[in-house]
Each structure stands twice: as structure tokens, then as C-alpha cells.
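Peer 1: Work out the full structure, taking the sequences as your base and the hints as a guide.
Chains as they are written, first to last, in the UniProt record's numbering: chain A, 1 to 149; chain B, 1 to 107.
Derived by calculation from the structure, the hints in this document are not laboratory data. The beta-carbon is built from N, C-alpha and C at its ideal position, and this holds for glycine as well. Heads up, some of the hints might be wrong.
[Said to hold, decoys possible] Example chain A residues on the side facing chain B (calculated, C-beta under 8 angstroms, incomplete):
#: 1; residue: VAL26
#: 2; residue: LEU35
#: 3; residue: VAL74
[Claimed, not checked] One-sided and incomplete, this derived list gives chain B residues near chain A with beta-carbon spacing under 10 angstroms:
#: 4; residue: PHE90
#: 5; residue: TRP91
#: 6; residue: LEU101
#: 7; residue: LEU102
#: 8; residue: ARG104
#: 9; residue: ASP106
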Amino acid sequence: MNMPSTDQALRAVVVERSFAHPQEKVWRALTQGPLLEEWLMSNDFEPVVGHRFTFRMPAMPGWNGITDCEVLTVDAPRQLAYTWCASGEEAATGISTVVTFTLTPTPEGVLLRMEQSGFKPHEDRNLQGANWGWQSFFTRLEGVLAKAA
Amino acid sequence: MDTATDTLFRALADPTRRAVYERLCRQGEQNVRALTDQAGVSQPAVSKHLAILKEAGLVTERRAGRQTHYSAQPAALNPLMDWLRYYSAFWPDRFDRLDDLLQRMDQ
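Peer 2: Have a look at this one:
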């Protein structure tokens with residue numbers, strides 16, 4: 001299921017940053033609800049695979065501010081993954097993504113990598129069949145969109 | 001807005017339709033016959049695809065005599081691109097906040 005990184009970049013958001021803090025401490029900031037709320041969003045997260053929870057932000061036009069999530073991976077203190085999907089009325093058509101945090105120890109502390117990948121590999125049959133096509137489609141349309149902007 | 005996004009996603013979920021749309025984007029205005037020549041499906045099928053693309057706002061049509069010419073509306077793709085742009089800015093901002101939190105956790 002792993003795709004080359006060049007492909008990933010087009011349908012995934014990847015953010016990496018080094019933190020000069022111990023890996024265990026960064027893991028806590030990612031997995032303890034009150035700490036998670038301080039830097040990410042209000043939540044009812046539990047580090048338990050299968051746990052369903054929500055992130056909540058103030059509503060904005062076209063979005064109720066709620067993100068529906070389900071914990072997929074808890075591999076302390078290395079990897080954490082959950083789904084990140086539009087909620088409520090937008091659930092069927094809004095974003096349906098997976099957010100994966102990967103922690104790699106470094107001499108100074110830890111390298112944190114966040115990857116939010118475009119479409120869930122299950123459900124959403126409409127998009128599933130089209131996944132590979134989206135890739136090249138977006139690549140080729142980049143120029144067109146740049147001109148249209 | 002939900003319905004429009006839904007229509008857009010569905011319109012682009014079909015590879016043949018994407019190919020037709022992409023061709024219009026790259027080569028400019030075309031009629032059904034020209035599109036059919038390269039689509040690998042029948043003209044009625046292409047017409048059906050064009051109708052769905054039109055419903056999603058991805059193409060517009062222009063009638064000239066008996067001919068109908070279709071052209072792409074790339075701006076209709078914006079809702080699809082928006083979330084990528086949004087989250088590209090969102091996560092670095094949140095990582096700044098995480099850094100702040102980690103400093104405070106030391107104290």
C-alpha cells in the first residue's frame with residue numbers, strides 16, 4: 001500500500017520538525033487529551049486503538065468545526081495514527097483522511113513527522129477506485145490551476 | 001455547498017471523465033466528436049460524461065450552429081484543492097504551538 005514519496009506529496013500533507021525534547025515527553029503531548037488540547041484542538045482522545053473521538057474547533061462557514069476520528073495505531077512512543085474525517089452532514093463528501101505521527105529519536109531529542117494522507121484506504125468506494133488516477137490528474141492539472149488562480 | 005462538493009467528487013471519480021476534462025484543460029475548447037476520437041468510448045458515452053461534468057460546473061458549453069463546443073472551468077476544482085492548502089498551513093502552525101507546550105512542560 002506504500003506509495004513513492006513523490007506520489008505521496010501530491011495527495012498528502014507532510015510536516016516534519018525536530019524537537020529538543022525527550023521522545024517520551026513528545027509522545028505525552030500527542031496522547032494526553034489535556035496536553036493535546038493545548039496545541040492541537042479540544043478533544044476526547046484516548047490512546048486506545050478503535051477509540052472514536054472528535055476534535056472541535058469553532059464553527060466556520062461551510063464547516064461545523066467538528067472532526068470525526070478513530071484511533072488506528074498506538075505504538076508508544078513511536079507511532080500514532082487516527083482517521084481525520086469531516087463530521088455531520090459533510091461526512092459523506094468532506095475530507096476523509098488519516099493522520100499519522102511518527103517519532104524518531106535523534107541525538108538532540110526527537111524528529112516528529114506528521115503525515116495527513118488524502119483518502120482512507122477503506123470505505124468511500126467512490127474515491128477508492130479513483131485513488132491512483134487522482135495522482136496523475138492533479139499533477140497534470142497543476143499548471144492549469146496556477147493559471148486559473 | 002455539500003451537494004456541490006458531492007457532485008464535484010462524483011464527477012471526477014470516473015477515469016474516463018477525468019480524461020475528458022483533462023483534455024479540455026490542456027487543449028482548450030473541443031466538440032463532442034473531437035473528444036470521442038480520443039476517449040476510447042462511444043459518442044453517446046462521451047456526451048453523458050460531458051453532461052455530468054457540466055452539472056459539476058467543470059465544463060461549460062457554447063453552441064455554434066449545430067455544433068456544441070465544450071470548454072473546461074478549472075476554477076471548479078478549487079474546493080478539492082482547498083483542504084490541501086488549508087492543512088499545509090494548519091500543521092506547521094500547530095507544531096509551533098506544540099513547541100511552546102513542550103517548553104512549558106519543562107517548568
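Peer 1: Taking the least C-beta to C-beta distance, is VAL74(A) closer than 8 angstroms to chain B?
Peer 2: violated (18 angstroms)
Peer 1: With a cut-off of 10 angstroms on the beta carbons, see whether LEU102(B) makes it to chain A.
Peer 2: holds (5 angstroms)
Peer 1: Per the CB criterion, is ARG104(B) less than 10 angstroms away from chain A?
Peer 2: holds (8 angstroms)
Peer 1: Given VAL26(A) as an interface hint, is its Cβ closer than 8 angstroms to any Cβ of chain B?
Peer 2: holds (7 angstroms)
Peer 1: For the restraint on TRP91(B), tell me whether the closest CB of chain A is nearer than 10 angstroms.
Peer 2: holds (4 angstroms)
Peer 1: Against chain A, with CB atoms and a cut of 10 angstroms, does the hint on ASP106(B) hold up?
Peer 2: holds (8 angstroms)
Peer 1: Is the interface hint satisfied for LEU101(B)? The criterion is a beta-carbon contact with chain A at less than 10 angstroms.
Peer 2: holds (5 angstroms)
Peer 1: Holds or violated: is there a CB of chain B closer than 8 angstroms to the CB of LEU35(A)?
Peer 2: holds (7 angstroms)
Peer 1: Classify the hint on PHE90(B) as holds or violated, based on whether any CB of chain A lies nearer than 10 angstroms to its CB.
Peer 2: holds (8 angstroms)
Hint 3 from the earlier list is the only one contradicted by this structure; the remaining hints agree with it.
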